[in-house]
Every structure is written in C-alpha cells, then in structure tokens.
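Engineer: Chains as they are written, first to last, in this note's numbering: chain Y, 88 to 457; chain U, 88 to 457.
Some hints could be false.
Identical copies look the same in the list; a pair holds intra-copy or inter-copy alike.
Mimicking BS3-like on lysine-lysine, the simulated pairs with C-alpha atoms at most 27 angstroms apart in a straight line are [as the list claims (entries may be wrong)]:
#1 LYS407 with LYS269
#2 LYS96 with LYS330
#3 LYS443 with LYS430
#4 LYS311 with LYS224
#5 LYS113 with LYS96
#6 LYS135 with LYS96
#7 LYS385 with LYS135
#8 LYS385 with LYS269
#9 LYS311 with LYS385
#10 LYS430 with LYS330
Since the hints were made in silico from the structure, they are not lab data.
There are 2 protein chains.
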Amino acid sequence: MSYTFNPQKRFLMGPGPSDAHPRVLKAMSTPLIGHLDPQFVQMMDEVKDMVQQTFLTKNELTFVVSAPGSAGMETCLVNLLEPGDECIICVNGVFGGRMVDIAERCGATVHRIDTPWGEVTDVNQIKSVIEKCPDPKLVALVHAETSTGALQPLQEISDLVHNAGSLLVVDAVTSWCGVPLKVDEWGIDALYSGTQKNLSAPPGLSPVSFSPRAVAALENRKSKVQSWFLDLNLVKNYWSGAKRAYHHTAPVSSVYAMHSALSLVLEEGLGNRWERHQNIHQYLRNELETLGFSYLVKAENRLPNLNSVYLPKSINDEAKVRSILLNDFNIEVGGGLGDFAGKIWRIGIMGESCTKNHVNMLIGALKEIL
Amino acid sequence: MSYTFNPQKRFLMGPGPSDAHPRVLKAMSTPLIGHLDPQFVQMMDEVKDMVQQTFLTKNELTFVVSAPGSAGMETCLVNLLEPGDECIICVNGVFGGRMVDIAERCGATVHRIDTPWGEVTDVNQIKSVIEKCPDPKLVALVHAETSTGALQPLQEISDLVHNAGSLLVVDAVTSWCGVPLKVDEWGIDALYSGTQKNLSAPPGLSPVSFSPRAVAALENRKSKVQSWFLDLNLVKNYWSGAKRAYHHTAPVSSVYAMHSALSLVLEEGLGNRWERHQNIHQYLRNELETLGFSYLVKAENRLPNLNSVYLPKSINDEAKVRSILLNDFNIEVGGGLGDFAGKIWRIGIMGESCTKNHVNMLIGALKEIL
Chain Y
88 MSYTFNPQKR
98 FLMGPGPSDA
108 HPRVLKAMST
118 PLIGHLDPQF
128 VQMMDEVKDM
138 VQQTFLTKNE
148 LTFVVSAPGS
158 AGMETCLVNL
168 LEPGDECIIC
178 VNGVFGGRMV
188 DIAERCGATV
198 HRIDTPWGEV
208 TDVNQIKSVI
218 EKCPDPKLVA
228 LVHAETSTGA
238 LQPLQEISDL
248 VHNAGSLLVV
258 DAVTSWCGVP
268 LKVDEWGIDA
278 LYSGTQKNLS
288 APPGLSPVSF
298 SPRAVAALEN
308 RKSKVQSWFL
318 DLNLVKNYWS
328 GAKRAYHHTA
338 PVSSVYAMHS
348 ALSLVLEEGL
358 GNRWERHQNI
368 HQYLRNELET
378 LGFSYLVKAE
388 NRLPNLNSVY
398 LPKSINDEAK
408 VRSILLNDFN
418 IEVGGGLGDF
428 AGKIWRIGIM
438 GESCTKNHVN
448 MLIGALKEIL
Chain U
88 MSYTFNPQKR
98 FLMGPGPSDA
108 HPRVLKAMST
118 PLIGHLDPQF
128 VQMMDEVKDM
138 VQQTFLTKNE
148 LTFVVSAPGS
158 AGMETCLVNL
168 LEPGDECIIC
178 VNGVFGGRMV
188 DIAERCGATV
198 HRIDTPWGEV
208 TDVNQIKSVI
218 EKCPDPKLVA
228 LVHAETSTGA
238 LQPLQEISDL
248 VHNAGSLLVV
258 DAVTSWCGVP
268 LKVDEWGIDA
278 LYSGTQKNLS
288 APPGLSPVSF
298 SPRAVAALEN
308 RKSKVQSWFL
318 DLNLVKNYWS
328 GAKRAYHHTA
338 PVSSVYAMHS
348 ALSLVLEEGL
358 GNRWERHQNI
368 HQYLRNELET
378 LGFSYLVKAE
388 NRLPNLNSVY
398 LPKSINDEAK
408 VRSILLNDFN
418 IEVGGGLGDF
428 AGKIWRIGIM
438 GESCTKNHVN
448 MLIGALKEIL
C-alpha cells in the first residue's frame, strides 16, 4: 500500500522550522549530482565561505555536519571531551541540559551551573565554579535558549574562560543569522548552529566552526573520538584539502538549499537581517502586550526572534487555542517545554517568517479567537 | 559575497546517489511544515509503514535515522554493543572495515573475519570463529558491499548466528529496494540502509529496523548508549507512541522525498523492481563484456545494481576516461576504492538510474571514447 502526501500550507511561527524562501525550495528540487562531483565540491567550498562570513570567523575548520543541530552539539562535545576531562556547563533551559547529558556520555566530569529558566548565566556564577575547578577543558553555554527565549551575553564570560585556559563552546542554533553572533571577536572556540531557524532553510544540517585553540585540543587527544560519524579527524578531510577523502555521502539536496539560503542572507546583509529581526520583534511585542500577553524574559536578555510569552488570563486552555490557530488559520506557534509546558507560547519570527505580514496574520487570528 | 549555483544535469551511474524521479524532486520543494505538526506525524507513520513493507518486516522498532547511512550503521552498533562485549564482524570491503572501526569505538572486542575484497564470507569461516568465541553479542555482515559489488548470502549464516544465541546485524545500504532483502524471513535482527541507492531519493536519511530480540538486548543494557543523538531509547519516542516526544528536529523535506520515493517503489511493486534491476544488469553486462570489461565478482555473488568491472586493456588511464564521461557526456560512474583504486569501475544502475536508456547512453559514450 502506498500513500500520497499533499499537506496544507502552514505559516511557521514556532521555534523552527521557519518558512523557507521559494528560491530555497526551488534549490531543493534541483536534480542530484554526485557528492564528489567537482561541481559539488566547489559548492561545498562556497557554503564553507558563506558560513565563515555569517559566523564572522576566519576559522579554517568550519564546515557543515550532515545531520540536525543536535548532532552539531554532539560533534562539538564528543570531539573536545575525553573520559576524565572536567568541564563546566551552564543550564538555563532544555539545550543546556542536553549538553550535560552528552558531556556525561563522553565520560567527562560535568560541573553544572543551574540558572532559573528564562534567566541568563552571570559571569560571577562561572567565576566561583572556576575557583573550585581551576582547569576545566571547556565552558559551554547556550547563546539563544530555544526553550525560553533568553539571549546569553558572552563577551565578559569569554575573557574569564580564556584566562582559565579553557575553551568556550557555544550553542548558536537560534541566534545565527538573527541576532549578532561574532565568533572571532568574542573568542568562541567551538560552536554549532542549525539551518531551520533564522537561515530559513529546511532542517537537517548543522554548521560548525572550531578555533585554532580548539583544533589544538583536538590534535592533543589521547583517545579516539567515540563517534565515527562525527569524528572531525575524518570529516575534515571531506570538507577541505586539495583531495577530498570520501567519508560519508553528503545530503546533496540539503546542501543545495543551504547554499541558496546563505546567498539570500548575504544579499540582504547580515547587519540588515539582525535589524529586521529586532524591528519586527518590537512590532510584535506591541501587539502582543496590547492583547494581554507578557514576556517571560526580562527586556535586556530577550531574544528578539523567539518570543516566550505568558498568555492573557482569558485563555484557560492554551493547547486548544494553538490547535485553532493551526487548524483554522494554518499558523503554527510553539508551546512551552518542561516546567513551562501549558504556561507559555514560543512565537518565532525567524528568517522568512520575520515579516509584518506574519505578525499581522497572527494578531488578526488571535483577535478573532479571543 | 554570495554565490549562485546552477549545476550541469548529470546522469548518475556511480555507487550513489542515483537519479531521483521528478516526483521526488518535486516533493523536496513542498513548503515546510512543523516537525510536530499532525500532518507530519501522520506522514512519519506512513513512511514507517512503507519502510516495513519494503524491508518485509513487522518489526515495531522501524524508523528513519535523521542522517546518512553511515549514521545508520553507527546507530545499530552503538545501541547493541557495550564496553566489554564480544562481536564478530565480517570484512570483505570498505563497509565491513568501517563497522569494525565503529564497534571498537564502542569498547567492544571485535573478532574480525577477513575475506578477499570481491568475495563473500562463507558460513564455515563464521562457524570456526564462533567455536573459539562461543558467545558473541552480535555477528555483522554487509549484504551488498558498495566498494566491490559483492552480494552476501545470509540465510544459512542467520541460522548459525541464532543457534549461537547471537544477533545478526546487516548493512543493507545498497541492497534495499534493488535485490531481495527479507528481514523477517531471514531473521535479521538489526539493519540499516540509505535513501540514495535503489530508492532513488536524495542522500541524508537512513532507515533502520530492530527485531524483538534486538530490542530485548537494548533493554538489557547496563550502560547508557554513548551517543545521545543516536540513542534509540530517546529516538523511538519521537517515531512512535501516542504522544510524540521531541528529540531533535527531523529533516522535514528529506522525509517528504523519502515518502514520495517509497510510494513509487510500492506502485512498481517490490518484486517487479528486483526483476528490473536483474534485467537491466543482464543488458548492461552483455554490452560491457563486448567492450572488453570483465567482472570482479564471480557470477553467483554478483550484485546486479552495482557492477564492479576491470577495464579493457586498451584503457591505460581510467581516471581520464571517467573525467571525459563526466565532462563531455555528464555521466558519472564510480572509481575503485582501496586496493582497487585505479583498477576497477563501479557502474551503478540503481532505482531511477536503472533503465535501458541509461545503459545505452553509457555504452554509446564509451564506444565513442575508446
């Protein structure tokens, strides 16, 4: 028995994926070419260059993991941590917790810094842990917590981490291409992102980048990386060098789409794109507050592109309203995770979903429902 | 600086990817929907059902890993092996060797059975190793070695493996949807495949399936699975159950394409598809042998859909001829790997690339070049 699939068109205003530009969708339908075809190798070089441009880095070891953001997270941790290593991981939402889980599976001893969900980690919290654990291999933070909408300041923490001789590892899944992310200027040593947020490409790939300091740590490993698929010693020979060594078959079509979406970002200009996300956020915020929604995260740490909001008191059953939005208006917004399940919404205005039209559709629908 | 990408159309007759059907390419360009949208969840159920139909299995734990076939390989081994486990891995090409590498990274003791590349493992080789290592956790083989074009018989080995109380793990990347693969009838306990071979979908996903015996082994693990991304205890709650638990963001568009390609397979009929690959193989073989090519693998173990052939003596520089085929005729064939680099070609007739027209294009081009 076979099936057909003709989905209803949605407007994606949740935590990702976001709407894709028609040019990106068209790129996905380009006939396949071989993953070692000179045409494909050249395109990989261009993708790498555009990832460097949007990460604001000159890191040579910059490439794309052939799997979603979670695999990018695992790539960073599994390559940098070895059994017995100590590390500090800051947890203020789902994704910090996930990093702890992965780091423990690497055999590392994790010093976990917990901060209430919706808040950000303070430099002094890290300082006091470093005093007790003076030589951590790495300190990891989530730049933009997708589960709460909090935006973590990084620059001051970066200095502290480097003074301790440690590596700064950053989850940039929901910040990349939506808010300022300055890899070299901020001294980020390893980071990963995803394609389905502010880049507005289909989910499935995770760009990563490693500083020369991180590469040195990699080269000084005593043990083999426990994952073959994510072992940078192997993957890097496929993504760079004069002769590309076969490692695995790259997801050709997804790389097409990423190439196309990156071109759109650079045509718009990275700074303009950050500004657009900030402007549409203000526009959305005014409307939401008028309707009685209130923000979970305080203003100075608020991620503009993912708006975590408590619902107006008039809404008793948030899941029902989300379901009406989806079924009657084809608009997707996200619910809360963990302790915030049933209590908040996560409204994404990311990439192609970051327009006044999207906001107006959502607000219009909400006015009719409430 | 941004880039444009307008690749030359290729005819893909290498070891994969193969040409995709226009309907599959069109599916890739379908606007995105959320990865927890009820429409997407229903489509995942349909994909699971169609994978079960084409694997010929009723295994409940059947789903799709959100990464290429190599990650499917790692999923099978990392979930079934724990530090200290003993296992037997049969190596007669690149992919058997890769399984050894991964199993060792899992902390397992590997009893490796080497067979010359191009040949297949004999049941007696496994029997004699089991006599020395009577309690292996699993025995792993490659059903269709993509590096050599050898097709491994499995049924007799399956009985031996099960009599030893061991699990049978099979790499079916290049066999699935091209040659008979009967998971339940043959007693395969864990297998993985890829989308870019006989299914003719874009690369990037890996369908996997686990028998109740394999699930029991999973449930009796003493230690956590070392990979978070590939941990079946977590992933399975996203692919089944009444309430889907968020694990990672599925590559929505790639799953669309897989759904579409699986529908095409079932419309053709699995048996008809096997027969088509066999018939076109005969057609290609006659033409190749007339031109002076000769097969690496003896007739009874020959994979019909991936033809590994020594070149006619008149060709001194095989890479140059492949390059003319690619640049002047837009036809991709594969070169040899490992010891066979520079010595053989791997000519794929897989899925949508398995037509008389493809063979005629290739043979016509070769006649002109030689």
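Engineer: Which numbered hints does this structure break?
Structural biologist: Those not satisfied are hints 1, 7, 9.
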